[in-house]
Amino acid sequence: DTEVTQTPKHLVMGMTNKKSLKCEQHMGHRAMYWYKQKAKKPPELMFVYSYEKLSINESVPSRFSPECPNSSLLNLHLHALQPEDSALYLCASSQDVQGSGNTIYFGEGSWLTVV
Amino acid sequence: SQQGEEDPQALSIQEGENATMNCSYKTSINNLQWYRQNSGRGLVHLILIRSNEREKHSGRLRVTLDTSKKSSSLLITASRAADTASYFCATSRNTDKLIFGTGTRLQVFP
Numbered sequence: 001d002t003e004v005t006q007t008p009k010h011l012v013m014g015m016t017n018k019k020s021l022k023c024e025q026h027m028g029h030r031a032m033y034w035y036k037q038k039a040k041k042p043p044e045l046m047f048v049y050s051y052e053k054l055s056i057n058e059s060v061p062s063r064f065s066p067e068c069p070n071s072s073l074l075n076l077h078l079h080a081l082q083p084e085d086s087a088l089y090l091c092a093s094s095q096d097v098q099g100s101g102n103t104i105y106f107g108e109g110s111w112l113t114v115v
Numbered sequence: 001s002q003q004g005e006e007d008p009q010a011l012s013i014q015e016g017e018n019a020t021m022n023c024s025y026k027t028s029i030n031n032l033q034w035y036r037q038n039s040g041r042g043l044v045h046l047i048l049i050r051s052n053e054r055e056k057h058s059g060r061l062r063v064t065l066d067t068s069k070k071s072s073s074l075l076i077t078a079s080r081a082a083d084t085a086s087y088f089c090a091t092s093r094n095t096d097k098l099i100f101g102t103g104t105r106l107q108v109f110p
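Just so you know, the protein sequences line up as chains Y and E, in that order. Using the working numbering, you'd call the opening residue of the first sequence number 1 and step up by one each time. Using the working numbering, you'd call the opening residue of the second sequence number 1 and step up by one each time.
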């Protein structure tokens, strides 16, 4: 069983809505990630947080806004999304971003549908 | 952009047979990891192999890495219906920016 918990599992939102995806881990990991995965495609990195600071933003549109309130929590705030943003959003964590060989643990994902 | 290309894209075998999936990547790496994803679920970490290693085993899994050819293979021995899933290789260089390959969809028939 994954130790990265994501809520909600499913979310349907309109293009004018504001919603948030939440992620939590209690493994003491200091790096957390958001990935986006479209059907039958590999996950694509969106954001990396290291020690609660944003370290990587893969040129993600500003309608996606990440937030790391503390070392255990990671949110993804959604506003004015487009139907093409519908996808599986995966949260992940690892012990640290430094060095090689840090296993990254994934949550079960949040299925987002934008209507 | 994607770092790895995997082949085959899809593989169908009978229970008890071995399944081999291959991953090729383009630039130098620090390590390569393999993940499994059941349909519509999260990714499960299977095994990590560092750039200075050539082979690793974990249960029925055997992973090889050839850095001169920039390729890796995942072998699942004595496959089971429960092994049906998509398998992704993922590489990283100096940070934990993990880049996934295109994936292989494995179907194991009982």
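The hints are simulated quantities; they were obtained by calculation from the structure and are not laboratory data. Model, not experiment: these values are computed from the prediction. Just so you know, even glycine gets a beta-carbon here, dropped at the ideal spot from N, CA and C. Just to be clear, a hint being listed does not mean it is correct.
Partial list, derived from the structure: chain Y residues whose beta carbon lies under 7 Å from chain E [said to hold, decoys possible]:
#: 1; residue: G14
#: 2; residue: A39
#: 3; residue: P42
#: 4; residue: Y51
#: 5; residue: E52
#: 6; residue: T103
#: 7; residue: I104
#: 8; residue: G107
From the derived model, a few chain E residues whose C-beta atoms are all more than 10 Å from chain Y [unchecked claim]:
#: 9; residue: S12
#: 10; residue: K26
#: 11; residue: Q33
#: 12; residue: R41
#: 13; residue: G42
#: 14; residue: V44
#: 15; residue: H45
#: 16; residue: L48
#: 17; residue: D66
#: 18; residue: T77
#: 19; residue: T84
#: 20; residue: K97
#: 21; residue: I99
#: 22; residue: T102
Hint by hint, here is what the structure shows:
1. G14: violated, 23 Å
2. A39: violated, 9 Å
3. P42: With a closest approach of 4 Å, the P42 (chain Y) hint holds.
4. Y51: violated, 13 Å
5. E52: violated, 16 Å
6. T103: holds, 5 Å
7. I104: holds, 6 Å
8. G107: Since chain E brings a Cβ to about 5 Å from G107 (chain Y), closer than 7 Å, the hint holds.
9. S12: Given that every Cβ of chain Y is farther than 10 Å from that of S12 (chain E), nearest at about 16 Å, it holds.
10. K26: holds, 15 Å
11. Q33: violated, 7 Å
12. R41: It is violated; R41 (chain E) is separated from chain Y by about 6 Å at its closest Cβ, not greater than 10 Å.
13. G42: violated, 4 Å
14. V44: Violated: least Cβ distance 7 Å, not greater than 10 Å.
15. H45: It is violated; H45 (chain E) is separated from chain Y by about 5 Å at its closest Cβ, not greater than 10 Å.
16. L48: The claim breaks: L48 (chain E) does not keep its Cβ more than 10 Å from every Cβ of chain Y (closest is about 6 Å).
17. D66: Its Cβ never comes within 10 Å of chain Y, the nearest being 18 Å, so this holds.
18. T77: holds, 23 Å
19. T84: holds, 15 Å
20. K97: violated, 6 Å
21. I99: violated, 7 Å
22. T102: violated, 6 Å
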